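Given next are the chains, with one letter for each unit.
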Amino acid sequence: MKGYKIIVLAKQVPDTRNVGKDAMKADGTVNRAALPAIFNPEDLNALEQALRIKDQFPGTTITVLTMGPGRAAEIIREGLFRGADDGILLTDRAFAGSDTLATSYAIAQTLKKYGNFDIIIAGRQAIDGDTAQVGPQVAEKLSLPQITYAEEIQAIEKGKVTVKRRLERGVEVVKCPMPLVVTVNSSAPDCRARNAKLIMKYKHAKTISEMQEANEDYLHLYNDRPYLNIKEWTVQDIDADPNELGLTGSPTKVKKVENVVLQSKGAKVITSSDEDMDQLMRELIESHTIG
Amino acid sequence: MNSVFVYIEIEDGQVAEVSMELLTKGRALATELKVKLEAIAIGYKLDGIEKDIFPYGVDVLHLADDKRLAPYTTLPHSSIVVNLFREEQPQVALMGASSVGRDLGPRVSSALHSGLTADCTSLVIGDHEDKKANKVYENLLYQIRPAFGGNIIATIINPDCRPQMATVREGVMKKEILDPKYKGTIHKLDVSKYTSDSDFVVEMIERHMEKSKVNIKGAGIIVAGGYGVGSKENFNLLFELAEVLGGEVGASRAAVDSGYVSHDRQIGQTGTTVRPKLYIACGISGQIQHRAGMEESAQIIAINTDPDAPINSIADYVITGDVAEILPKMIKYYKANTK
Numbered sequence: 029m030k031g032y033k034i035i036v037l038a039k040q041v042p043d044t045r046n047v048g049k050d051a052m053k054a055d056g057t058v059n060r061a062a063l064p065a066i067f068n069p070e071d072l073n074a075l076e077q078a079l080r081i082k083d084q085f086p087g088t089t090i091t092v093l094t095m096g097p098g099r100a101a102e103i104i105r106e107g108l109f110r111g112a113d114d115g116i117l118l119t120d121r122a123f124a125g126s127d128t129l130a131t132s133y134a135i136a137q138t139l140k141k142y143g144n145f146d147i148i149i150a151g152r153q154a155i156d157g158d159t160a161q162v163g164p165q166v167a168e169k170l171s172l173p174q175i176t177y178a179e180e181i182q183a184i185e186k187g188k189v190t191v192k193r194r195l196e197r198g199v200e201v202v203k204c205p206m207p208l209v210v211t212v213n214s215s216a217p218d219c220r221a222r223n224a225k226l227i228m229k230y231k232h233a234k235t236i237s238e239m240q241e242a243n244e245d246y247l248h249l250y251n252d253r254p255y256l257n258i259k260e261w262t263v264q265d266i267d268a269d270p271n272e273l274g275l276t277g278s279p280t281k282v283k284k285v286e287n288v289v290l291q292s293k294g295a296k297v298i299t300s301s302d303e304d305m306d307q308l309m310r311e312l313i314e315s316h317t318i319g
Numbered sequence: 457m458n459s460v461f462v463y464i465e466i467e468d469g470q471v472a473e474v475s476m477e478l479l480t481k482g483r484a485l486a487t488e489l490k491v492k493l494e495a496i497a498i499g500y501k502l503d504g505i506e507k508d509i510f511p512y513g514v515d516v517l518h519l520a521d522d523k524r525l526a527p528y529t530t531l532p533h534s535s536i537v538v539n540l541f542r543e544e545q546p547q548v549a550l551m552g553a554s555s556v557g558r559d560l561g562p563r564v565s566s567a568l569h570s571g572l573t574a575d576c577t578s579l580v581i582g583d584h585e586d587k588k589a590n591k592v593y594e595n596l597l598y599q600i601r602p603a604f605g606g607n608i609i610a611t612i613i614n615p616d617c618r619p620q621m622a623t624v625r626e627g628v629m630k631k632e633i634l635d636p637k638y639k640g641t642i643h644k645l646d647v648s649k650y651t652s653d654s655d656f657v658v659e660m661i662e663r664h665m666e667k668s669k670v671n672i673k674g675a676g677i678i679v680a681g682g683y684g685v686g687s688k689e690n691f692n693l694l695f696e697l698a699e700v701l702g703g704e705v706g707a708s709r710a711a712v713d714s715g716y717v718s719h720d721r722q723i724g725q726t727g728t729t730v731r732p733k734l735y736i737a738c739g740i741s742g743q744i745q746h747r748a749g750m751e752e753s754a755q756i757i758a759i760n761t762d763p764d765a766p767i768n769s770i771a772d773y774v775i776t777g778d779v780a781e782i783l784p785k786m787i788k789y790y791k792a793n794t795k
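Those protein sequence lines, which keep their order, are chains A and B.
If you're matching positions, the first sequence starts at 29 in our numbering and goes up one per residue.
If you're matching positions, the second sequence starts at 457 in our numbering and goes up one per residue.
Hints are computed from structural coordinates only; laboratory data are not their basis.
One or more hints might be untrue.
Claimed, not checked - Here are the computed lysine-lysine pairs in the DSS-like style, where the Cα-Cα straight-line distance is at most 25 angstroms: (1) Lys296(A) <-> Lys523(B); (2) Lys587(B) <-> Lys284(A); (3) Lys296(A) <-> Lys791(B); (4) Lys492(B) <-> Lys631(B); (5) Lys667(B) <-> Lys733(B); (6) Lys203(A) <-> Lys523(B); (7) Lys667(B) <-> Lys192(A); (8) Lys490(B) <-> Lys283(A); (9) Lys591(B) <-> Lys281(A); (10) Lys169(A) <-> Lys140(A); (11) Lys283(A) <-> Lys587(B); (12) Lys284(A) <-> Lys785(B); (13) Lys644(B) <-> Lys507(B); (14) Lys169(A) <-> Lys588(B); (15) Lys281(A) <-> Lys587(B); (16) Lys523(B) <-> Lys192(A); (17) Lys284(A) <-> Lys591(B); (18) Lys188(A) <-> Lys281(A); (19) Lys296(A) <-> Lys492(B); (20) Lys649(B) <-> Lys281(A); (21) Lys639(B) <-> Lys507(B); (22) Lys283(A) <-> Lys588(B); (23) Lys591(B) <-> Lys283(A); (24) Lys673(B) <-> Lys649(B); (25) Lys33(A) <-> Lys192(A); (26) Lys639(B) <-> Lys296(A); (27) Lys188(A) <-> Lys639(B); (28) Lys733(B) <-> Lys501(B).
If you're wondering where the values come from, they're calculated on a predicted model, not measured in any experiment.
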């Protein structure tokens, strides 16, 4: 049976779901250090869909592509531990300040350069922005069809992929020729756990930058075991037009950021005592709010 | 001058709620900018649909009517919008932040190299001074949305690229007819000129759409629960209170993500925006994204174990305590006082 070449687009994100009281600094800016960096949840749903294709079609390879700072290599290792075959970290200061359009340009350029894919699968959206834009924009830049809001990749036959979509108000099943971009919802199955054997195999997988900082004892490993090399690409590797990157390449600009300051409206503070509850319900009934 | 455009979403041959809300907002923006409001409707058997569109103050309605254009699929709809926008050069384009708008918007923005801001909670016209380039931009669209886990509110602008694109969730803007007799003109598009055969590669195998069974948008009373409710079982108390009061149950994103209730009950920036006469927030801390979806409620009761929960600052009544203790008492004393 023939396997497929799959790219999973993933992002390392601050865990905005668990924002504690120390998430904001006194000056009103976001304290990124206080937020743990995680594999974006819907990108894990996307990885699971890729792994299911690999289960069904031996010979399938999965490449995790992420753009971010050096430490984003962590999520590539996370992908390898769960069954991906290799990874590309796209990292460069020139990408700093990219909006979704500049991000998708960089990713699309990388994919053009890397080539050799049948299906690109990404999470629908990342929890730090919730825009759901990068998937469709990458598809447009590669002139590929897109299937968003995917819940399940149901079948691949005769060069076509059948996908079940979970929309706000219903379900669709669509069939689309490869290559294509699929973005996956959180309603899709959770990603499988890390595999102990794969952790052993890939725990020393590193990017060049990480290797340079790493303990010398391991250096020989990377020559003997090429799968431990996580590709690290910069602007030079993707034939990018610098005007399309980073802040310059971003049509959207942040004009203003305001910290959320709450001023109390002067609420009535009441207790859970029977008297207070009785009084509350009487007031609401008298004001015709309820009843 | 370049127009304000609204993409009209069609559901079962009807104009979607969110599109009517955006037409209302679009009309206000167009009037302020002293330009035309235009709309684009793409689908099949659209005869007569203008009757539901012109009253919002639409000056030009572009229609693309073809059997292959319904139900919505990405490629033909985006080709039509992209090619039409290339001709018409709108300065502002608005779409619903729905499954359709969030699929279409980024595709169009990428093709036109224009900026798109998702899930805006407010759209305002304003100026911008770029001090570095020593340039002043007049009458930009300020696209305002909570960001970064709701800890900040960001104002986004697109100084140089057009159209300035934004998506907005259903319920965020208010729907209001401008003039039932408003006269606009219809511009029928030759679909074959705006699409190519390769746009029709995606086959629809099955499709089941349903009207949402949950009507939190129309509910006068909402009992909403957050992560602090603690469990699916505890949510039953909310359903009980909602039933007694004749209301609906809503939820924060955290409660939905935890699997306590279904997604169609989610209130907030990425859910539904509601304006009931009474909003009872149970175990909801009140992140800005949640507040964005309910802060216009006429009366707010906040029940929380944390006396400093952000939700308390917008509440009319603050009850510090345990939801499991307080809700049964509310039911008890409601019944006692309405006998």
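Hints, one by one, checked against the model:
For a cut-off of 25 angstroms, the pair hint linking Lys296(A) to Lys523(B) is broken: about 58 angstroms separates their Cα positions. Straight-line distance between C-alpha atoms of Lys587(B) and Lys284(A) comes to about 14 angstroms, which keeps the hinted pair within the 25 angstroms bound. The straight-line distance between the Cα atoms of Lys296(A) and Lys791(B) is roughly 23 angstroms, inside the 25 angstroms bound, and the hint therefore holds. Between the alpha carbons of Lys492(B) and Lys631(B) the distance comes to roughly 19 angstroms, so the proposed pair stays at or under 25 angstroms and holds.
Proposed proximity of Lys667(B) and Lys733(B) is supported: the alpha carbons are some 24 angstroms apart, at most 25 angstroms. Of the supplied pair hints, the one linking Lys203(A) and Lys523(B) holds, its CA atoms being roughly 18 angstroms apart against a limit of 25 angstroms. Taken as a hint, the Lys667(B) and Lys192(A) pair is honoured in the structure, with Cα atoms around 19 angstroms apart against an allowance of 25 angstroms. Proximity of Lys490(B) to Lys283(A) is assessed by CA-CA distance (about 24 angstroms); at most 25 angstroms being required, the pair is judged to hold.
Between Lys591(B) and Lys281(A), the direct Cα distance comes to roughly 15 angstroms. Compliance with the 25 angstroms bound is thereby established for this hinted pair. A C-alpha spacing of about 10 angstroms is found between Lys169(A) and Lys140(A), which places the hinted pair at or below 25 angstroms, so the restraint holds. Between Lys283(A) and Lys587(B) the CA atoms are separated by roughly 12 angstroms; this keeps the pair inside 25 angstroms, and the hint holds. Under the criterion of a C-alpha separation no larger than 25 angstroms, the hint pairing Lys284(A) with Lys785(B) is inconsistent with the structure, at around 45 angstroms.
Restraint check: the Cα-Cα separation between Lys644(B) and Lys507(B) comes to about 15 angstroms, which is no more than 25 angstroms; the hinted pair holds. Annotation: proposed proximity of Lys169(A) to Lys588(B) is violated, straight-line Cα distance about 31 angstroms (limit 25 angstroms). Distance check on the hinted pair: Lys281(A) and Lys587(B) sit about 14 angstroms apart at the alpha-carbon level, within 25 angstroms; holds. The suggested pairing of Lys523(B) with Lys192(A) holds, with an alpha-carbon distance near 23 angstroms, which does not exceed 25 angstroms.
This hinted pair checks out: Lys284(A) and Lys591(B) have alpha carbons roughly 17 angstroms apart, not beyond 25 angstroms. About 39 angstroms separates the Cα atoms of Lys188(A) and Lys281(A), which puts this hinted pair outside 25 angstroms; it is violated. Distance check on the hinted pair: Lys296(A) and Lys492(B) sit about 48 angstroms apart at the alpha-carbon level, beyond 25 angstroms; violated. This hinted pair does not check out: Lys649(B) and Lys281(A) have alpha carbons roughly 34 angstroms apart, beyond 25 angstroms.
A C-alpha spacing of about 10 angstroms is found between Lys639(B) and Lys507(B), which places the hinted pair at or below 25 angstroms, so the restraint holds. Restraint check for Lys283(A) and Lys588(B): satisfied, since their Cα atoms lie roughly 13 angstroms apart, inside the 25 angstroms limit. Proximity of Lys591(B) to Lys283(A) is assessed by CA-CA distance (about 14 angstroms); at most 25 angstroms being required, the pair is judged to hold. Note on Lys673(B) and Lys649(B): the hinted pairing is violated, with a Cα-Cα distance of about 40 angstroms set against a maximum of 25 angstroms.
This hinted pair checks out: Lys33(A) and Lys192(A) have alpha carbons roughly 21 angstroms apart, not beyond 25 angstroms. Restraint check for Lys639(B) and Lys296(A): the C-alpha separation of about 50 angstroms exceeds 25 angstroms, so the hint is violated. Between Lys188(A) and Lys639(B) the CA atoms are separated by roughly 47 angstroms; this puts the pair beyond 25 angstroms, and the hint is violated. With a C-alpha separation of about 39 angstroms, the suggested pairing of Lys733(B) with Lys501(B) is violated against the 25 angstroms cut-off.
The structure does not agree with the numbered hints 1, 12, 14, 18, 19, 20, 24, 26, 27 and 28 stated previously, though it agrees with the rest.
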